[in-house]
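Chemist: Here is how the chains run, residue by residue.
4 protein chains.
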Amino acid sequence: MCRWMGYRGEPIVPRVLLYEPERSLIAQSVRHGPDLLEPNGDGTGLGWYSRRRTPAIFHSDSPAWGDENFRELADEICSPMFLAHVRAGTGTPVQKTNCHPFRYQKWLFVHNGYIDGFDLLRRDLLMAVRPDLFANIKGSTDSEVMFHLALTFGLEEDPVGGLERMAGFVESAGAAAGVAEPLQMTVGLADGETLFAARYASGPVVNTLYMSESVDAIRMLYPEHERLRRIPAHARAVLSEPLSELPGVWREIPPSTALVITDTPHQRPFRPQQPG
Amino acid sequence: MCRWMGYRGEPIVPRVLLYEPERSLIAQSVRHGPDLLEPNGDGTGLGWYSRRRTPAIFHSDSPAWGDENFRELADEICSPMFLAHVRAGTGTPVQKTNCHPFRYQKWLFVHNGYIDGFDLLRRDLLMAVRPDLFANIKGSTDSEVMFHLALTFGLEEDPVGGLERMAGFVESAGAAAGVAEPLQMTVGLADGETLFAARYASGPVVNTLYMSESVDAIRMLYPEHERLRRIPAHARAVLSEPLSELPGVWREIPPSTALVITDTPHQRPFRPQQPG
Amino acid sequence: MCRWMGYRGEPIVPRVLLYEPERSLIAQSVRHGPDLLEPNGDGTGLGWYSRRRTPAIFHSDSPAWGDENFRELADEICSPMFLAHVRAGTGTPVQKTNCHPFRYQKWLFVHNGYIDGFDLLRRDLLMAVRPDLFANIKGSTDSEVMFHLALTFGLEEDPVGGLERMAGFVESAGAAAGVAEPLQMTVGLADGETLFAARYASGPVVNTLYMSESVDAIRMLYPEHERLRRIPAHARAVLSEPLSELPGVWREIPPSTALVITDTPHQRPFRPQQPG
Amino acid sequence: MCRWMGYRGEPIVPRVLLYEPERSLIAQSVRHGPDLLEPNGDGTGLGWYSRRRTPAIFHSDSPAWGDENFRELADEICSPMFLAHVRAGTGTPVQKTNCHPFRYQKWLFVHNGYIDGFDLLRRDLLMAVRPDLFANIKGSTDSEVMFHLALTFGLEEDPVGGLERMAGFVESAGAAAGVAEPLQMTVGLADGETLFAARYASGPVVNTLYMSESVDAIRMLYPEHERLRRIPAHARAVLSEPLSELPGVWREIPPSTALVITDTPHQRPFRPQQPG
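Protein chains in written order, with my numbering: chain A, 1 to 276; chain B, 1 to 276; chain C, 1 to 276; chain D, 1 to 276.
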């Protein structure tokens with residue numbers, strides 16, 4: 001089913017979120033919660049903004065829990081914004097080009113979920129991708145196609161709107177093909193300055209999405225907590241599943257909601273739109 | 001923790017045991033039972049006897065559940081004897097040379113378990129391996145060292161005795177280093193004609209081992225069961241965890257027991273010995 | 001640039017052709033001739049007909065020269081027809097889904113060459129693939145698209161005709177996009193009974209293709225040659241580059257030629273056609 | 001045969017040396033000079049000093065020329081000291097634990113060459129490694145054993161002396177086993193402040209080693225050369241094979257020589273010693 005996380009704030013060493021917490025992303029790669037059923041061992045990825053405007057990418061087709069390169073980078077990098085992802089494939093091959101984050105220029109994209117009936121819809125969805133973007137599609141996942149459809153529908157100028165038009169297009173294509181509830185998603189998106197996220201599904205069951213509360217609020221709740229004291233002032237994390245069970249640290253984001261995470265994060269509705 | 005299985009009997013296509021049952025080896029790679037906790041996604045291996053006297057080997061450092069080559073071979077091979085293994089590493093790297101089965105001439109060896117304190121003991125255990133066998137050690141696992149110690153202590157002439165002397169040596173080395181309960185194991189061993197297995201641990205908790213009942217007994221219990229009717233007459237499987245929950249199909253092997261599986265399988269005690 | 005070979009005849013162990021000759025396929029993976037310039041180390045593949053009607057496949061994203069699984073299979077398999085391939089990528093990623101042979105039901109396909117301007121043409125070529133075949137496209141190579149276009153244009157009923165119509169379509173697409181000489185190819189194709197090959201390029205430089213002479217002719221030339229005596233009576237090999245420099249063993253196939261290899265192989269012209 | 005390079009100086013982006021020159025390390029992975037014969041496609045590695053005292057490591061078992069992660073890191077990292085290596089194996093498996101650089105605390109080590117007769121000598125050499133260092137040996141190469149022998153013989157306090165005593169020990173062990181010329185090596189070594197190198201072989205043929213001339217000398221020779229103007233003031237590179245054919249840029253280091261590269265590099269003899 002995948003698990004992902006995004007960070008925005010003062011530069012930190014990713015290990016702090018990826019390895020150290022009780023339910024770290026590495027722990028989530030072994031089994032994801034809350035029912036602790038399946039592993040997310042079909043690939044690992046990290047995208048981060050550091051030296052250059054264009055984010056750097058690391059992809060591995062190995063499970064995250066055993067990937068030494070991932071561990072090294074998590075310990076060496078110091079970055080103000082990154083997206084990390086552990087994959088559970090939904091039918092497409094395990095290979096580096098099917099790992100998230102996907103990248104287009106300054107943008108990074110991760111996804112947890114699927115397009116139901118993707119076998120039927122794949123051809124039509126691919127054909128709707130803008131020709132100049134088509135060459136950037138390297139793998140065979142539904143997630144990568146979703147990203148390129150959102151780019152086609154104006155993500156660069158209007159990120160949440162682009163995602164909404166992508167969702168609307170996927171749902172229309174699904175309806176035309178007799179797929180009742182085609183879209184299941186939480187997505188993370190970054191451009192180096194702002195972190196975006198959205199939680200939406202065509203049906204009643206929606207993959208989970210959480211955001212950390214403000215650092216001030218967390219410190220007020222847990223004044224003695226050593227690790228929480230180290231979190232920088234404006235830091236925010238957004239992710240599929242909480243890193244710990246401490247009450248009050250993680251805010252569940254409702255379905256059909258998008259997040260725009262700047263120094264003052266805000267929520268807004270997420271409603272699939274018809275592309276113009 | 002690993003999971004493995006061995007087969008002996010009329011030639012079958014391994015898929016029948018590796019993929020088709022409810023709790024197939026592939027299902028066990030996703031989560032192993034009975035508590036369905038951890039994946040066994042640190043490597044995959046298959047060794048089989050077919051065209052040649054020396055068994056053939058396939059190893060992958062990818063999880064079994066996604067390995068297309070493993071699926072292809074499981075469907076293409078037709079073999080009267082094979083050992084398959086899905087790995088959960090206990091601290092040594094994920095790489096093909098750390099996958100089971102290990103091979104020495106006509107012998108194949110798989111292991112589920114560990115040597116506690118292997119970091120401390122590794123050097124001494126390696127040095128006890130007979131020099132001409134040393135070059136056959138390609139990886140860094142405790143399992144591979146156990147195999148080569150058993151070969152050093154006469155496995156080729158006396159398979160169970162060689163394993164018992166290996167166990168005794170490991171326990172002595174552990175005692176000398178202050179490791180209280182060094183050995184946890186079920187092992188599978190094959191030479192192309194006979195399938196061997198053993199279940200033993202230094203302490204009270206012992207990894208599980210099961211053998212299939214005779215085909216006649218299974219058919220009597222389940223006269224209408226379609227899949228069970230297809231099992232060849234003298235077929236036996238031995239494995240870490242039952243492939244299904246059908247009562248009466250799988251016999252649990254007690255701790256401190258070895259199996260010698262010919263057309264008339266028998267059990268015997270397994271007692272660590274001091275090497276002469 | 002890739003190198004491939006195909007075999008048809010009495011069952012042999014592939015090692016005989018893949019590993020043993022002076023310029024074996026493994027040697028060709030290290031450096032391909034005749035100018036011994038580049039390695040073909042971007043992937044390895046083997047497809048073979050044995051137990052089932054559908055051929056089995058092995059793919060590795062590692063160079064052939066170091067792949068232990070490939071060596072094992074080459075020694076264990078005994079098959080009357082197989083295609084093997086060592087890849088030099090032309091811009092698409094190194095991953096198992098980009099390895100040859102590609103498979104569709106009973107068919108296997110290998111390619112040495114490229115579609116020039118594939119970045120520009122990829123979208124249009126993909127869209128010309130018959131929708132029911134589209135789901136079988138797993139990777140991102142031009143080779144895989146060529147195979148699926150040939151299937152779209154009737155390869156199953158008329159193999160050489162399907163390839164000719166694919167070539168014609170690619171050249172038309174190229175012309176429309178301003179690509180002067182889009183197609184460079186030798187291809188190998190098998191269905192379990194017949195081995196097909198073709199050598200064609202849009203321009204004057206054409207990748208090489210060779211077929212072995214009849215076994216009788218070879219034995220007449222080299223009555224004392226030990227290895228050549230072991231070749232079965234109707235055996236034929238077709239490949240990119242000769243396995244040895246023995247005069248008279250390898251016949252160079254002219255450009256714009258197709259081969260149909262049955263017990264009585266014949267050559268015929270290969271001319272790109274316009275698909276109906 | 002391997003190829004490696006080391007850099008010391010003002011922080012640079014490794015791509016400048018690894019990818020951009022005419023005979024970059026990537027070009028050397030495709031074919032190494034001067035006879036342009038074999039690829040170095042059995043693994044890739046990079047170790048660099050940046051954020052922490054302990055160097056970070058990246059290893060891949062894929063050829064460098066196609067490794068996207070290596071390309072990304074080469075473009076993202078900015079480091080004052082790094083060692084990079086492209087491997088041609090000499091009989092041990094292709095796996096990440098057999099990639100260079102090897103690391104021990106603040107030290108990085110790369111090697112081009114081999115220990116002749118390593119199969120015979122491996123056991124004795126391993127046993128001479130100090131027990132507390134033994135656990136740091138993760139792979140099966142002669143190179144990794146050489147590093148740990150040098151550490152055993154005092155490399156941390158006296159780097160060149162430790163290497164000399166390792167060489168003496170290897171030669172003694174070889175002599176005792178009847179191996180005439182056991183050691184072939186250039187080695188690179190770093191501790192975060194100083195870069196060391198040595199060129200030595202037991203016999204008359206010695207793998208090559210070069211060091212860049214001072215930046216002042218290079219700029220005087222080539223005042224108009226754009227890329228050479230960008231090289232920082234105290235920068236030095238040491239490597240197996242020159243990155244370009246520009247006369248006067250690369251100084252060949254004689255056999256039996258060690259380099260100590262600080263702001264004022266100096267050469268000294270390298271003579272195998274008997275360990276105390």
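Be a bit skeptical, because a hint or two may be false.
[To be verified] Chain D regions said to be covered by chain B (calculated; three or more residues, Cβ under 8 Å):
#1 93 to 107
#2 112 to 125
#3 190 to 198
FYI, nobody ran anything at the bench for these hints, they're computed from the structure.
Don't be surprised by glycine CBs; every beta carbon is placed ideally from N, CA and C.
Chemist: None of the hints should be skipped; say for each whether it holds.
Modeler: Taking the hints in turn, this is what the structure says about them:
For the stretch 93 to 107 of chain D, the proposed coverage by chain B is satisfied: 4 residues have a C-beta within less than 8 Å of a C-beta in that chain, meeting the threshold of three. Judged by the Cβ-Cβ criterion of 8 Å, the stretch 112 to 125 of chain D is covered by chain B as claimed, because 3 of its residues qualify and three suffice. Taking a C-beta to C-beta cut-off of 8 Å, the stretch 190 to 198 of chain D contributes 0 residues in contact with chain B, too few for the three needed, and the coverage statement is violated.
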